[in-house]
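K.L.:
Okay, here's what each chain looks like letter by letter:
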Amino acid sequence: MRVYLDNSATTRLDDEVLKEMIPYFSDVYGNASSLHAFGREALAAVDKSRETIASLLGANPNEIYFTSGGTESDNWALKGAAQAYGKYGKHIITTAIEHPAMMETCHKLEKDGFDVTYIGVNSDGLVDPEEIKKAVRDDTILVSVMFANNEMGAIQPIGEIGRFCRKEGILFHTDAVQAAGTIKINVKELNIDMLSLSAHKFHGPKGMGLLYLRNGVKIEKLIAGGHQERGNRAGTTNTPGIVGMAKALEIAVRDMEKNNEHMRKLRDYFIDRVEKEIPYCHLNGGREHRLVNNANFSFDYIEGESILMVLDLNGIAVSSGSACSSGSLEPSHVILATGASMEQAHSSIRFSLGKETTKEEIDYTIETLKAAVEKLRSWSPLFKQTEGESHYV
Amino acid sequence: MYNKKVLETFAHPKNVGEIENADGVGTVGNASCGDIMQVFLKIDGDKIVDAKFKTFGCAAAIASSETATEMIKGLTLDEALKIKNSDVVEELEGLPPQKIHCSVLAEEAIAEAIKDYRSKH
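For the protein sequence lines, the chains are A and B, in the order given. With the first letter of the first sequence counted as 1, position 370 gets the number 370 in my numbering; the numbers rise by one all the way through. Position in the second sequence (from 1) plus 393 gives the number in my numbering.
Take the hints with a grain of salt, since some may be wrong.
[As the list claims (entries may be wrong)] No more than 27 Å apart at the CA atoms, straight line, and that leaves these computed lysine-lysine pairs for DSSO-like:
#1 B:Lys466 / A:Lys384
#2 A:Lys375 / B:Lys475
#3 B:Lys477 / B:Lys398
#4 A:Lys375 / B:Lys397
No lab work stands behind these hints: they were computed from the structure.
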């Protein structure tokens, strides 16, 4: 059996989306910037997609800028805002649990003379808006808080933070890459100034994203070149990608209630059974304010990547916060930010369900996981079982 | 990123476990770094007659432990000390660059176990 439980890494392109995209590879292949009919046909599709996306996000079409994905959008929002508003102040507020696209960009800005405050989270992985309010200084130009965390699915209080920033006149950006498929987002209602999205997280194509930029917010461009995206983001327009993202977002919003209910039910069943049937495990993050498709567990006495590999050898795809799987020396900064120990961070495993996940797949995963954990514990020098009692040695 | 040999070695280790009343035990690494390797040796005269391991760590750490313990069986202590991490990597037909430290741990665990034996004899 092959089971894909890594939908937070990427999702399968929806068949409907693929069908929508196909004509724009070889039939309608004109450059959307060209004046001739070939170009105009492509431009018409791009314009229509932009309108669809804008309306689904509660934005105006001229506030949507297409990019190559979430990473570019995050880089652009931060670097662009820092450059444009740096003359008013050098202070940026973000969180300790951001995606590397944000973290690395913040580190770059720090090298360039900006001061970045990283707000911590509670044991549920949630940011307290009061801490953001307290961190604001006279020279704060930007607040950036991810909409939902990619590792443990913690959904942040974006509404409250947005309201506060708007009132204070501070620019507010959110990386909504993990949220878009399962949470209805309205940028106006949430007082968002900038928002990053990535199509492949909601069954759209890879290499396709967008930055929502509220009218009136002026940031420097990241990529110089042609006049595409109203002169703000150069590079030949990715017509099939844009058409695919629009269709994918349309389907996500259309089927959201049904899919969310399906995933939440299966995810809760999964968490309940794992907690009941596997000893010495911890759910990372709280059960409330959590993406419907996310479960993240740490299993004491064993290391995450080895669990991932045993599951993989049995056909199950998951991801791990262990240092070993990321290629860095430090385990997940997100799990550590919740106050978990290094050991717990090293042993964390993320299971991210999809709309196509079945109960059979979840049952198979639980049985395989139980056996994997038991086997790896029997191999671990940290695990000693004596008369039913276990403890670290 | 892992080759077939590493995956196969990780999936079906033969030397995992403890040796009761082992003549030498070596433990290296720590849990906060994500790797702990423990090697148990049964030694007869100057010869390693059995070697087992217990490892907390990634697939590469477990595969390195298995391979290293397999390689030293039947060797004298001095011969075993000549087994370097690069020999373990070679036996595994390569490890990803960021996993080379796992083979180093295996080399160190064996050296520790031999040191433990020698300190007692």
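K.L.:
State for each hint whether it applies.
P.N.:
Checked hints:
no. : hint                : result
1   : B:Lys466 / A:Lys384 : holds, 26 Å
2   : A:Lys375 / B:Lys475 : violated, 32 Å
3   : B:Lys477 / B:Lys398 : holds, 19 Å
4   : A:Lys375 / B:Lys397 : holds, 21 Å
In this structure, only the earlier hint numbered 2 is contradicted, and the remaining ones agree with it.
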